[in-house]
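Visitor: One-letter residues, chain by chain:
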Amino acid sequence: MEGKVEAIYKWDIQLPKRIHDAKFFGNLKIEVIDKGICSHCGTCAAVCPVDGIVVEDKPIEFPDWENKCVDCGACIRVCPRWEYKPLNGVGEYIEVLAAKSKRFKGQDGAMVTEFMATALEMGIIDRAVFVGRDENWKPITAIVKDVEQLFEETIRGTKYSFADVMPRVKELIKDYKVGVVGTPCMMSGVRRLQQESDIFKNIKLAIGLFCTENFYHWQLHEFLLKEKNVEMKNAVKTDIKKGKFIVMLKDGGKVSFPVKEFDPIIPSGCEVCQDFAAIQSDVSVGSVGSKAGFSSLIVRQENAKEILDYIFEKEYAVKGDVNTDAIQKLCDFKIKIHPYPPKH
Amino acid sequence: MKVEKVEFDPISRIIGHINAISVGVKQAIKPERITVEYPRERRKLPDNFRGLILFEKDRCISCFRCAFICPANAIQMELYDNYYPSIDYSKCILCHFCVDSCPTTALKQTKIHDVAFRDLEEMVVHTDEMINPPELVREDTVTVEYKINRELILERKKEVENLIVEVKPVERIEYHSACINPQNCIGCALCASVCPADAISVEINEKKVLSIDINKCTGCGLCVRECPTNTLGLVKR
Numbered sequence: 001m002e003g004k005v006e007a008i009y010k011w012d013i014q015l016p017k018r019i020h021d022a023k024f025f026g027n028l029k030i031e032v033i034d035k036g037i038c039s040h041c042g043t044c045a046a047v048c049p050v051d052g053i054v055v056e057d058k059p060i061e062f063p064d065w066e067n068k069c070v071d072c073g074a075c076i077r078v079c080p081r082w083e084y085k086p087l088n089g090v091g092e093y094i095e096v097l098a099a100k101s102k103r104f105k106g107q108d109g110a111m112v113t114e115f116m117a118t119a120l121e122m123g124i125i126d127r128a129v130f131v132g133r134d135e136n137w138k139p140i141t142a143i144v145k146d147v148e149q150l151f152e153e154t155i156r157g158t159k160y161s162f163a164d165v166m167p168r169v170k171e172l173i174k175d176y177k178v179g180v181v182g183t184p185c186m187m188s189g190v191r192r193l194q195q196e197s198d199i200f201k202n203i204k205l206a207i208g209l210f211c212t213e214n215f216y217h218w219q220l221h222e223f224l225l226k227e228k229n230v231e232m233k234n235a236v237k238t239d240i241k242k243g244k245f246i247v248m249l250k251d252g253g254k255v256s257f258p259v260k261e262f263d264p265i266i267p268s269g270c271e272v273c274q275d276f277a278a279i280q281s282d283v284s285v286g287s288v289g290s291k292a293g294f295s296s297l298i299v300r301q302e303n304a305k306e307i308l309d310y311i312f313e314k315e316y317a318v319k320g321d322v323n324t325d326a327i328q329k330l331c332d333f334k335i336k337i338h339p340y341p342p343k344h
Numbered sequence: 001m002k003v004e005k006v007e008f009d010p011i012s013r014i015i016g017h018i019n020a021i022s023v024g025v026k027q028a029i030k031p032e033r034i035t036v037e038y039p040r041e042r043r044k045l046p047d048n049f050r051g052l053i054l055f056e057k058d059r060c061i062s063c064f065r066c067a068f069i070c071p072a073n074a075i076q077m078e079l080y081d082n083y084y085p086s087i088d089y090s091k092c093i094l095c096h097f098c099v100d101s102c103p104t105t106a107l108k109q110t111k112i113h114d115v116a117f118r119d120l121e122e123m124v125v126h127t128d129e130m131i132n133p134p135e136l137v138r139e140d141t142v143t144v145e146y147k148i149n150r151e152l153i154l155e156r157k158k159e160v161e162n163l164i165v166e167v168k169p170v171e172r173i174e175y176h177s178a179c180i181n182p183q184n185c186i187g188c189a190l191c192a193s194v195c196p197a198d199a200i201s202v203e204i205n206e207k208k209v210l211s212i213d214i215n216k217c218t219g220c221g222l223c224v225r226e227c228p229t230n231t232l233g234l235v236k237r
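As you go down the protein sequences, you meet chains A and B in turn.
For the first sequence, our numbering assigns the number 1 to the initial residue and increments by one for each residue that follows.
For the second sequence, our numbering assigns the number 1 to the initial residue and increments by one for each residue that follows.
Hints in this document: simulated from the structure, not taken from any laboratory.
It is possible that part of the hints are untrue.
As the list claims (entries may be wrong) - Simulated pairs of lysine-lysine, DSSO-like, Cα-Cα distance not exceeding 27 angstroms:
hint	chain 1	residue 1	chain 2	residue 2
1	A	K85	A	K250
2	B	K216	A	K10
3	A	K68	B	K236
4	B	K207	A	K85
5	B	K207	A	K201
6	A	K23	B	K207
7	B	K236	B	K57
8	B	K57	A	K174
9	A	K145	A	K85
10	A	K17	A	K105
11	A	K10	B	K57
12	A	K250	A	K260
13	B	K157	A	K174
14	B	K216	A	K242
15	A	K17	B	K207
Stated by the list, open to error - Restraint ranges, calculated between C-beta atoms of paired labels, are given here:
hint	chain 1	residue 1	chain 2	residue 2	range
16	A	E92	B	L79	23 to 33 angstroms
17	A	I140	B	A72	25 to 35 angstroms
18	B	S193	A	H20	21 to 31 angstroms
19	A	D263	B	G233	49 to 59 angstroms
These numbers were taken from a predicted model, which means no experiment stands behind them.
Just so you know, even glycine gets a beta-carbon here, dropped at the ideal spot from N, CA and C.
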């Protein structure tokens, strides 16, 4: 073959602007992590080509980034908090409704589990990244490949702590169609990833959760132990209802106190976030706006709508009443309590 | 019923003895054994026998395929003047996946099946030893094979056989690396840093410009494997 015509393949990548004279991760560290606006979503770790960024129960870091970072700038390009403009409000949607799963038991209506199970069943996704927990309620990410696994108790329920979901997505993304559940900041991260590289279009379902704040597990654990004398080992469920944090205990006891008492341990990254309803998700799920035992759903994208139609066609779930005003109220409330730029 | 003493007739006894002696004499003159006097002689091995692996440095393009494919993780790439394989024979299961995967037949199979090592450390054949293998010293000069011939009699056949098999290289489909999904690229340039043939280059100013020179590309596929976003792929030349 005398192929001199196409002897050289060329393509180019736009680089982000450097603010500081350092490698790109250095810029990210100064502008986002050290400034305290990092949301701990882990999107940077999902894109890092050398797997250097670690998402653990502490602020995001990249040990020895001065040497190991390959200076590609991908972390900056996908960071939802780089040149941060807060998103707020309920956002665009196709449909708002409340529903309750017949198959699963979960936090409220178990609709997150139901959505993932149905997506797996329909073949829209091959793998779902869920957040399970250990006995101390420390989040552990679990990769679910069939519906049976979703009946495990530890997979269900809200943990109110950061988890390393996004790095796990990276492991799967090259070979599988993936479903992700996460906080609003993670949903923004997913969209950024999809803009940046088509490989992340393999994330076929992104379920956002209603969120006001999320915590570092060790801080939450220590707070509950010291201030409230609650051992998370003995807990069976945690919940936030009507401004109160509730821990249900194994012996039937119940500890509840106003969410406001958490103020000292709220991570600084959450204090600048105004996105309550996961505006950039495919479907947002939460308890606000529906009766006990039901989940509120904000269906935003066609793929989620398709799954929802299938759920009702197969009668996997029942519909309930939804109070849109309650959701709107909390969206407004989050803007009020988390002003940006921050006042202090 | 009463058990009676068996009486032998003396003539048949004598015939029996004569028969036994004649078989003994016959075996002494023309033996019918099927044993091999190892190590003075050895069994004939089939041509595709998977034995010790030899390495030819000049053919190796440092593509790491042998190391990646090794199911026992016995192959490590060591830096000599470039990266070349070393084999840990304490781990090697002699599956010869490495030989099969080698795109340039730099790794070669042999029929050497009886290497002895003094200890576990010696079983790691490092790169310099791969490149300059020790001389082969053997006592056996011939191979022995037992075959049943047309008259249905077991025959002992002696042959001289070369332990190092010259295998004709398989005609390969020529590949080169190409950017098949440019919209997946995040610009990490890992491909450029791993390319053993310097076929991928990156220009950095405001943009990052990546280019593949397919004339230099050996089609080893290392960049395709390293790419975190499936941007690169191998295409037929």
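Visitor: Does each hint hold? Answer for all of them.
Guide: Hint check results:
1. A:K85 x A:K250: 43 angstroms, violated
2. B:K216 x A:K10: 15 angstroms, holds
3. A:K68 x B:K236: It is violated: about 34 angstroms lies between the C-alpha atoms, which goes past 27 angstroms.
4. B:K207 x A:K85: Given that 27 angstroms is the threshold and the Cα spacing comes to 25 angstroms, the pair holds.
5. B:K207 x A:K201: 24 angstroms, holds
6. A:K23 x B:K207: At roughly 15 angstroms apart (the allowed maximum being 27 angstroms), B:K207 and A:K23 satisfy the hint.
7. B:K236 x B:K57: 26 angstroms, holds
8. B:K57 x A:K174: Roughly 34 angstroms between the alpha carbons, so the hint for B:K57 and A:K174 is violated.
9. A:K145 x A:K85: 36 angstroms, violated
10. A:K17 x A:K105: Answer violated: A:K17 to A:K105 is near 48 angstroms, above 27 angstroms.
11. A:K10 x B:K57: With Cα atoms ~32 angstroms apart, A:K10 and B:K57 exceed 27 angstroms; violated.
12. A:K250 x A:K260: Answer holds: A:K250 to A:K260 is near 25 angstroms, not above 27 angstroms.
13. B:K157 x A:K174: 56 angstroms, violated
14. B:K216 x A:K242: Given pair B:K216, A:K242 is violated - Cα atoms ~67 angstroms apart, limit 27 angstroms.
15. A:K17 x B:K207: 10 angstroms, holds
16. A:E92 x B:L79: 23 to 33 angstroms: 56 angstroms, violated
17. A:I140 x B:A72: 25 to 35 angstroms: At 31 angstroms between Cβs, range holds.
18. B:S193 x A:H20: 21 to 31 angstroms: 24 angstroms, holds
19. A:D263 x B:G233: 49 to 59 angstroms: 52 angstroms, holds
Comparing the model with each numbered hint stated earlier shows that hints 1, 3, 8, 9, 10, 11, 13, 14 and 16 do not hold.
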